Amino acid sequence: MYCYLYDDFIQGNKRFEKELALIENRLTDLGINGKISRLALFRNAEEMIRDEIDKGVTTVVVLGNDDTVRKVLNVVVESQVVFGMIPLGPKNQLAELLGIPEGVAACDILSARRLETIVIGTVNGRKFITGINVPQFRAEITFEEKFRVFPTSTAELEIRNLVGASNPSEGMLQAVIRADVKRGIFQRSTKEESILPLQSMTIRSEKPIQVFADGEQMEGTRFDISIEPLKMRVITGKNRQFDT
Amino acid sequence: MFGKQENSMAHQHAGSETIIAQGVKVEGDFKSNGDITIDGELNGSLQTSAALHVGESAVIHAEVSAKQSVIAGVIVGNLQIEDGLQLLSTSQVTGDIVTSHLSIAEGAVVNGRISMGKKE
Chain L
1 MYCYLYDDFI QGNKRFEKEL ALIENRLTDL GINGKISRLA LFRNAEEMIR
51 DEIDKGVTTV VVLGNDDTVR KVLNVVVESQ VVFGMIPLGP KNQLAELLGI
101 PEGVAACDIL SARRLETIVI GTVNGRKFIT GINVPQFRAE ITFEEKFRVF
151 PTSTAELEIR NLVGASNPSE GMLQAVIRAD VKRGIFQRST KEESILPLQS
201 MTIRSEKPIQ VFADGEQMEG TRFDISIEPL KMRVITGKNR QFDT
Chain E
1001 MFGKQENSMA HQHAGSETII AQGVKVEGDF KSNGDITIDG ELNGSLQTSA
1051 ALHVGESAVI HAEVSAKQSV IAGVIVGNLQ IEDGLQLLST SQVTGDIVTS
1101 HLSIAEGAVV NGRISMGKKE
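Protein sequences appear in the order of chains L and E. Positions 1 to 244 (the numbering used here) are the ones given, in order, by the first sequence. Positions 1001 to 1120 (the numbering used here) are the ones given, in order, by the second sequence.
A portion of the hints provided could be inaccurate.
[Said to hold, decoys possible] Listed next, the in silico DSBU-like pairs over lysine-lysine satisfying Cα-Cα at most 35 Å (straight line):
#: 1; chain 1: E; residue 1: Lys1025; chain 2: L; residue 2: Lys146
#: 2; chain 1: E; residue 1: Lys1025; chain 2: L; residue 2: Lys14
#: 3; chain 1: L; residue 1: Lys127; chain 2: L; residue 2: Lys238
#: 4; chain 1: L; residue 1: Lys191; chain 2: L; residue 2: Lys207
#: 5; chain 1: L; residue 1: Lys207; chain 2: L; residue 2: Lys238
#: 6; chain 1: E; residue 1: Lys1067; chain 2: L; residue 2: Lys91
#: 7; chain 1: L; residue 1: Lys207; chain 2: E; residue 2: Lys1067
#: 8; chain 1: E; residue 1: Lys1067; chain 2: L; residue 2: Lys71
#: 9; chain 1: L; residue 1: Lys238; chain 2: E; residue 2: Lys1025
#: 10; chain 1: L; residue 1: Lys231; chain 2: L; residue 2: Lys127
#: 11; chain 1: L; residue 1: Lys182; chain 2: E; residue 2: Lys1067
#: 12; chain 1: L; residue 1: Lys231; chain 2: E; residue 2: Lys1067
#: 13; chain 1: L; residue 1: Lys55; chain 2: E; residue 2: Lys1067
#: 14; chain 1: L; residue 1: Lys18; chain 2: E; residue 2: Lys1067
#: 15; chain 1: L; residue 1: Lys207; chain 2: L; residue 2: Lys71
#: 16; chain 1: L; residue 1: Lys14; chain 2: L; residue 2: Lys55
#: 17; chain 1: L; residue 1: Lys231; chain 2: L; residue 2: Lys91
[To be verified] Label pairs and their in silico Cβ distance ranges:
#: 18; chain 1: E; residue 1: Ser1049; chain 2: L; residue 2: Leu22; range: 49 to 57 Å
#: 19; chain 1: E; residue 1: Thr1090; chain 2: L; residue 2: Glu216; range: 25 to 33 Å
#: 20; chain 1: E; residue 1: Ser1049; chain 2: L; residue 2: Glu24; range: 32 to 40 Å
#: 21; chain 1: E; residue 1: Gly1107; chain 2: L; residue 2: Glu206; range: 42 to 50 Å
#: 22; chain 1: E; residue 1: Lys1025; chain 2: L; residue 2: Ala40; range: 32 to 40 Å
#: 23; chain 1: E; residue 1: Glu1063; chain 2: L; residue 2: Glu193; range: 24 to 32 Å
#: 24; chain 1: L; residue 1: Ser189; chain 2: E; residue 2: Asp1029; range: 29 to 37 Å
#: 25; chain 1: L; residue 1: Lys14; chain 2: E; residue 2: Asn1033; range: 53 to 61 Å
#: 26; chain 1: L; residue 1: Thr154; chain 2: E; residue 2: Ser1049; range: 51 to 59 Å
#: 27; chain 1: E; residue 1: Asn1111; chain 2: L; residue 2: Asp243; range: 31 to 39 Å
Note that these hints are calculated values from the structure, not bench results. Please read these numbers as outputs of a predicted model, since none were measured by experiment. Note that the Cβ used here is the ideal one computed from N, Cα and C, for glycine as well.
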């Protein structure tokens, strides 16, 4: 049984009115229509989804963007239901990675139901799918409590889950450190890229740093990053940007 | 999140390549099952069951163990290379070497004992 969760930014928005009608018709044609839940101010997305799962929903499809996914990620992973999405509007990086086109074209991808299992990362207990970015990075990283890594100059840190990870279903993340290195007589700065596979790491910084998990900002001096024991089953398109 | 035992296994399960580029320093016990390329600095110990490539800009102070290795940088520490070791002309090794096959280019510097054949 399918449950479709409409984010509040697409409801009553003329820009999406026609597209929503097309989507609803196409889902009915494909025989995968289901219960529609509408997000609104003061309505808790997790509670809404949990109620639907209790009533027998096995596939949760969000209509919205990366922010919508963030609202239901915890409950989807914990309940082990299948996750799908119909991307609408800007900020749809996850849909791109999963190979799901925007709007009504996503309905056929849902109907084809190509399922993949992916790992989910956590940073300080908060789940993430695509990865983490630390743009201004001058901190110490401890990998697997075994060895420490320091950039010797200003660097950027990216932790990838889907793209770049050796196999997103295998349970490894990938850390990419891009450090500034000066070369030649003119001391031109180039970015050198270090790549380390990992299952857990800790970032420690003397001063608070900004970390972006799936695009959402977090600030602090310590970030514990690891992999969730529970994996997530997602519907993907054939144009997904990761290998399994 | 994970128990200690799982943590200790983490990098041993990594089959993909690890790259330590210039501008990055590693301290501690580094273990992998995948290929490793080092162009930065490393202090501690380094172990892989696959290939190790040490670039010209690399400076390593560590006990090193690998299946096969090509070295162009500086290593201070003992090397145990199972299958074959290639020391390029820019390499400088201060430490004992144990390997089954060895190739040393002109200009390479080795200060230490060299034992050929697999370690008992």
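Hint by hint, here is what the structure shows:
1. Lys1025/E with Lys146/L: Distance of about 14 Å is within 35 Å: holds.
2. Lys1025/E with Lys14/L: 54 Å, violated
3. Lys127/L with Lys238/L: Distance ~25 Å between Lys127/L and Lys238/L Cα, so the pair holds.
4. Lys191/L with Lys207/L: 23 Å, holds
5. Lys207/L with Lys238/L: 43 Å, violated
6. Lys1067/E with Lys91/L: 45 Å, violated
7. Lys207/L with Lys1067/E: Cα-Cα ~41 Å, so violated.
8. Lys1067/E with Lys71/L: Since the Cα atoms of Lys1067/E and Lys71/L sit roughly 47 Å apart, the hinted pair is violated (cutoff 35 Å).
9. Lys238/L with Lys1025/E: Roughly 40 Å between the alpha carbons, so the hint for Lys238/L and Lys1025/E is violated.
10. Lys231/L with Lys127/L: Cα-Cα ~11 Å, so holds.
11. Lys182/L with Lys1067/E: 33 Å, holds
12. Lys231/L with Lys1067/E: 34 Å, holds
13. Lys55/L with Lys1067/E: 56 Å, violated
14. Lys18/L with Lys1067/E: Violated, at roughly 61 Å.
15. Lys207/L with Lys71/L: 29 Å, holds
16. Lys14/L with Lys55/L: Answer holds: Lys14/L to Lys55/L is near 32 Å, not above 35 Å.
17. Lys231/L with Lys91/L: 24 Å, holds
18. Ser1049/E with Leu22/L: 49 to 57 Å: About 54 Å separates the Cβ atoms of Ser1049/E and Leu22/L, which means 49 to 57 Å holds.
19. Thr1090/E with Glu216/L: 25 to 33 Å: Hint violated: Cβ distance 46 Å, outside 25 to 33 Å.
20. Ser1049/E with Glu24/L: 32 to 40 Å: 55 Å, violated
21. Gly1107/E with Glu206/L: 42 to 50 Å: Cβ of Gly1107/E to Cβ of Glu206/L: about 43 Å, so the range 42 to 50 Å holds.
22. Lys1025/E with Ala40/L: 32 to 40 Å: 51 Å, violated
23. Glu1063/E with Glu193/L: 24 to 32 Å: Holds - the Cβ-Cβ distance for Glu1063/E and Glu193/L, about 27 Å, lies within 24 to 32 Å.
24. Ser189/L with Asp1029/E: 29 to 37 Å: 32 Å, holds
25. Lys14/L with Asn1033/E: 53 to 61 Å: Since Lys14/L and Asn1033/E have Cβ atoms about 56 Å apart, the given range 53 to 61 Å holds.
26. Thr154/L with Ser1049/E: 51 to 59 Å: 34 Å Cβ-Cβ, so the 51 to 59 Å window is violated.
27. Asn1111/E with Asp243/L: 31 to 39 Å: Since the Cβ atoms of Asn1111/E and Asp243/L sit about 45 Å apart, the hinted range of 31 to 39 Å is violated.
Comparing the model with each earlier hint shows violations of hints 2, 5, 6, 7, 8, 9, 13, 14, 19, 20, 22, 26, 27; every other hint is respected.
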